Every structure is written in structure tokens, then in C-alpha cells.
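Asker: All chains, please: the whole structure from these sequences, using the hints.
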Amino acid sequence: MSAPDARVRYLLRLGDTSLVLGQRLGEWVGHAPALEEDLGLANLALDFVGQARLLLSYAGELEGSGRDEDALAFLRDAHEFANLALAEQPNGDFGDTIVRQWLIDTWQLQLYAALSTSTDERLAAIAAKSLKETRYHHRFSSGWLARLGDGTPESHARVQASLENLWRFTGELFAPDAVDEAMAAAGIGPQLAGLEPAWSALIDADLKEATLRRPAPQPFPWHGKRGVHTEHLSHLLAEMQQLPRSLPGARW
Amino acid sequence: MNADWPLFEVFIRSRGGLEHRHVGSLHAADARMAIEHARDVYTRRQEGVSLWVVPSAQITASDPDEAGALFEPARDKVYRHPTFYEIPDEVKNL
Amino acid sequence: MYHISGKSQPPMYTQALDQQGREPSAAPESPEQAARFQARVDAEEKIEPKDWMPEAYRQTLIRQISQHAHSEIVGMLPEGNWITRAPSLRRKAVLIAKVQDEGGHGMYLYSAAETLGVERATLVEQLLSGAAKYSSIFNYPTLTWADVGAIGWLVDGAAIMNQVPICRCSYGPYARAMVRICKEESFHQRQGFEIMLTLARGSEAQRAMAQDALNRWWWPSIMMFGPSDVASRHTAQSMRWKIKRFTNDELRQKFIDVTVPQAQFLGLTIPDPQLRWDEAAGHFEIGPIDWEEFQAVLRGHGPCNRERLEARRAGHAAGEWVREAAAAHAAKRAAQAAA
Chain A
0 MSAPDARVRY LLRLGDTSLV LGQRLGEWVG HAPALEEDLG LANLALDFVG
50 QARLLLSYAG ELEGSGRDED ALAFLRDAHE FANLALAEQP NGDFGDTIVR
100 QWLIDTWQLQ LYAALSTSTD ERLAAIAAKS LKETRYHHRF SSGWLARLGD
150 GTPESHARVQ ASLENLWRFT GELFAPDAVD EAMAAAGIGP QLAGLEPAWS
200 ALIDADLKEA TLRRPAPQPF PWHGKRGVHT EHLSHLLAEM QQLPRSLPGA
250 RW
Chain B
0 MNADWPLFEV FIRSRGGLEH RHVGSLHAAD ARMAIEHARD VYTRRQEGVS
50 LWVVPSAQIT ASDPDEAGAL FEPARDKVYR HPTFYEIPDE VKNL
Chain C
0 MYHISGKSQP PMYTQALDQQ GREPSAAPES PEQAARFQAR VDAEEKIEPK
50 DWMPEAYRQT LIRQISQHAH SEIVGMLPEG NWITRAPSLR RKAVLIAKVQ
100 DEGGHGMYLY SAAETLGVER ATLVEQLLSG AAKYSSIFNY PTLTWADVGA
150 IGWLVDGAAI MNQVPICRCS YGPYARAMVR ICKEESFHQR QGFEIMLTLA
200 RGSEAQRAMA QDALNRWWWP SIMMFGPSDV ASRHTAQSMR WKIKRFTNDE
250 LRQKFIDVTV PQAQFLGLTI PDPQLRWDEA AGHFEIGPID WEEFQAVLRG
300 HGPCNRERLE ARRAGHAAGE WVREAAAAHA AKRAAQAAA
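Residue numbers (numbering that gives the first Met the number 0), protein chains in the order written: chain A, 0 to 251; chain B, 0 to 93; chain C, 0 to 338.
Everything labelled a hint here was simulated from the structure, so no lab data went into it.
Treat the hints loosely; a few may be bogus.
BS3-like cross-link-like pairs, simulated, lysine-lysine; straight-line CA separation at most 30 Å [as the list claims (entries may be wrong)]:
(1) C:K182 - A:K131
(2) C:K241 - C:K45
(3) C:K45 - C:K182
(4) C:K253 - C:K45
(5) A:K207 - C:K253
(6) B:K91 - B:K76
(7) C:K253 - C:K331
(8) B:K76 - C:K241
(9) C:K49 - C:K132
(10) C:K49 - B:K76
(11) A:K131 - A:K207
(12) A:K128 - C:K182
(13) C:K331 - C:K241
(14) C:K241 - C:K253
(15) C:K49 - C:K241
Sample of chain C residues with no beta-carbon within 12 Å of chain A, all distances over it, derived [stated by the list, open to error]:
(16) E28
(17) D41
(18) P86
(19) L198
(20) P226
(21) D277
(22) D289
Examples of chain C residues toward chain B, derived with CB under 7 Å [what the hints assert, rightly or not]:
(23) D50
(24) P53
(25) A55
(26) Y107
(27) S110
(28) E323
(29) A329
In this text, all values refer to a predicted model and were calculated from it rather than measured experimentally.
Beta carbons: idealized from backbone N, C-alpha and C, even for Gly.
Answerer: This is the structure in C-alpha cells:
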């Protein structure tokens, strides 16, 4: 794998995770537990779609075969998507959505902080912008985690169950492969495993505040960033991509 | 348990140097959430650089029926205004 | 001075800066009060929440503002239906922002209604039980992407036509909410027209999609202005109170006059064989409006009445445990802080 190839693949991983999560959050708009939360979830969705556009556009330019953000978003199949498997998990109830969000927010806090000093200046700029957004996302999701975890007995039980269910997807966050190693060697990305201690400490602090238990580590069979996904992703893409694929070449 | 959240009043400072102004209200379970809701509801277009949220129940307002007693006595204190004083035009810097 | 919300009252029952409104004054309204009030309105003074106002004025406002708020909230659904399927990332972002704005507008309006001494929870209850009305237009389905364009262009266009005069409404909080809403909505109509223009200039299939959307949304948009003046129950009194500034028919005509040339620009055909330019009047004249359809949709027999209310009810019910948890958490923290 050439270095430019690895960089494109690395950017697609970041962009696809934001895109898929933005798509999931967009499903909430109009159906949230309170009107104010409709607006809040829509703001999160907008941030993630915005990140995806910056990252996919950049990946397309580096790739140099004429694919723009939309060609990458709408004309690739599931096995070509490189998002974390965690991001594609269904919204479930509000607690499931909050736990998914919070796990990714705490991860992106570390990741974007590291990427904001990347030797790739354009990526560093995208990361610096995204880091500000992520700080708010984490404020939002950790606040809700505490309200649900330390709310009623029902909410505590529900959100603990969400955590048990989604925890199995966290192993993927810090497991590097050849692309991650190549990026770390080039000073473009961080050593993934190096992000884990800070992530873990923040996770524990937030869980304590929320009176929730940290589940045991679990092995993971998914490799979303290498295109090995759960069954959910192809359904998400079928819905998202239907229109551009039905009229190839159309402008919208 | 009552699931309805209390009302908060929202005040925004639109930019540094200006005072906070009342813009409306929203519902939130707690003050932290009220700040987040105020941000999402009232600053989607960069309307502010600072937010105040105040539980509506904590605000005391004057009664319009008392408006006469409260505000009209100021009306005849015209000597508080600079235009009350007659100074010849040729005197400068006053 | 007096406390607006003493400990004896539930803390959230109404907006702070107002309050007199909760219990209509026990004393009957004197003709002098009514005359003084009308004189203030005639002098274009703004009425503020705690000012004396006739009970009928308050009730009219509560009804109108809450219907308006409900319309924004239910209005999130037909367009929200296409968020996950928007055909480009730019369109997706714009649509999320637009649907979000509608939620925000609903909030501004509920907030204005709450200054009249009614709780949002009560108003939402009225919506979910089916007792409250909302704009019939949102009971029509969004079947293709072009419907998102048509809604922005026609439905938001009609809404703006209706709303701009309300910026001068005699009731201060409603007028202020409307100023904010009108400012924000100008992008809504433009993005809708841009979608229609892109489709109209696109492939044959896209042009057909745009024409089909115009065919389905034209008449419902025309009906958005409400019954004609002869049939409207509320118009005269609302005009006297300066809640309303133009009649339904005046606003409808204005909308038709600006929209027909826009359709011509798009190269699309308005689905009204009787549509013609009346040189003498200086207006476009349209064919007869099917008021039976309007009444049927109003009575709950539109294509999506059930689906829209069901979606709101489902969201509200599914969120109950979340709202309870947040309230319980806040109570715990308050107790800890007090201890």
C-alpha cells in the first residue's frame, strides 16, 4: 500500500464515521423526547455531516480520480465504507443513542486533539474545528448520561443495558492496523493505542458521575474501518443512497 | 414523578460590549440543560457570545396597575435632563 | 411589586414576565376597560403580557399562537421524512437545518403562548389528543424529493405571506417571535425554489418529478390562507384587535400574484386550467377552490392526519421515561445542594 493510498483510506475512515453517525442522528429529528432535544440532536447531526463533507472532499482530492464528497457518500457500497462499527448501530431508544454518542465523543476528543497537531495541515485544521464541536458533543452526551444513569430506577436500568450492549464495539476504537501504523509513522495520525489511557480515564469519570458500571472488555469480530460491518450499515446506505443511484449522473 | 420540565427565561449577549437581552423562554430539567437548550434554540445563527438562563419562577416583575405610581413621578423631574437649562449659545463646551 | 410565581403555585406554570393571565380576573370586564384597551390598540401601542386585556383577546391569541406552534411542530414531519434520503450532503445539511428551524419556530411560538398564562404541556396535550388544530397542509404526504422543494417554495412562501403582517401584531411577544421567525424563514423559501429550479433544469425524469410536486402542492398551498372572507368566523374581530392585518383572501391573492410568474420561470404548469391574468384588476384569477377537500382534511380525513398525530404521540410517549429521568436527576441534585 502506497503512502497516498493509506492517507486516503485514513481520511475515509474519519469521514465515514462522521457521515454514518450524522445520518443516524438525522433520523431523530422530529421524534426526540422533547422539542428542545429535537433541536439539540439536529445540531449534532449538522456537525457530523459538516465534518464528513470536509473529510470526504479532501479524501476525494487526494485520491485524484474525480470523486467528490457526494460520489464518495452515495456511490460506494457497504464493504467500501470504513466507519467504525459503533457509528452504524441503530438509534434504539434515547439511551442507546446517548451511549453510542458518548462513546464516540470521548474517543473523538482524544483523536481530534491529537490530529490537530498533524503534519498534514489541512487535516490538522479540520481536526481543530471538529475538536471544538466535539467538546460540546461530549458536554451534551455526558450530561445526558448522568441524567439517565442517576435518574429514575427505570432510566438507570435502561441506560446500563445500552452500555452493556454497545461496549463490545469499543475494542475497535484503539486497535491499530497497517493504515493507522503508516499514518502514525508519517506523523499524520496518532498512535491509536496511545489515546486509550486518557479515553479510559474520562470514561470512568463520566460513569462514576452517572452511577453506571463499566462493562468487562470484550473481543470484537467487527472491523468497520476495513469494511467488515454489522448488518445495519447496508440498510442505512440503501436508504441514504437510493435517490442518487436511481438517476445516475443527475444534479440535485 | 412529574416529567414536565420547568420554564427558564433566556438572555443573550449578542457581542462583547453589549448587555444581555431577554429573547424568550424554554423548558429544561436543570440549569446545565437550560444553557444547552438556549444555545440550540436561540443561537443557531451566531446570535450570541454569552448566555444567561434564569428559572422563570425566580423573576419578580412590576405590576402594570402600579405603573403610574412607579414610573410617572419621574415625569416632572425635567431638571434631570440637560435640555432643561438655558445657556447662551456663545458659551462652549457645556 | 408582587411575585409572579409564589411557592403556592407550580413553578413552571407560565412565563415569568407575565402572569396575570392565568386566572381571568373575576371581575367582569367593564366597557371602560374594553374601550381603553381598544384605544391602545388603535394607537398601535403594543400589548404586553401583564397588561389588562379582554379575555376573548387572550383566548383568541392562545388559540392562534398555539395552532401556529403546532403547525411548525407537525410541519417537521413531512420534510423530516426526506432527511435520511436527501440526494447530496449539501442538501442533507440544508434540510436538517431547515427542519430544525421549524422546531425552533415552534419553540418561539410556544414561548409566546406561555406568556398568556397557559403551559406548553397543556398545549401539547391538546395537540396529541386531537383537540387542537394545526395547518392542514402538513396532512399531505411527501412522496418524492421534489416535494421538499415544493414545500419550501410554496408552503413556506404562503407561510411568509401570512406571517410578515403578524410581525406588527398588537401582542408584543407574538410580534417579536414572528420577527425572528420571518428573518429565519427567508432561507427556507429560497432553498425550496433552488431545489425546484435544479429539478426543472435537470433530466426529463427530474422535470416530471417537479411538475408532479407542483400538481399536488398547488391547491393545498392556496387553501393555507384559510376560508374565504365571507366564510371566516374570526377575521373581523381579529382585524379590529390588530392580530390580523389583512384578510385571508387579500393574502391569498398576493401569494398567487407573486407565485404564478415564479412557476412560469421554472417552466412548470400550474394545475388550474382556469388560471388567467385579469388585466383590469391587475391580478391573476384562479379557478374555484375545492373547499370540501379543505374541510375534509380539517376534519381529519386528509391523507396523513393519522400518521402525523401518531408520530407525535409515539415520540412523546417514547420520551416519557427520559423526561422523567431528567426531572428526577435534577431533583436529586437540588436536594444534594440543599443538604
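Asker: Are there hints from earlier that the structure breaks, and if so, what are their numbers?
Answerer: 5, 7, 8, 13, 18, 19, 24 and 25
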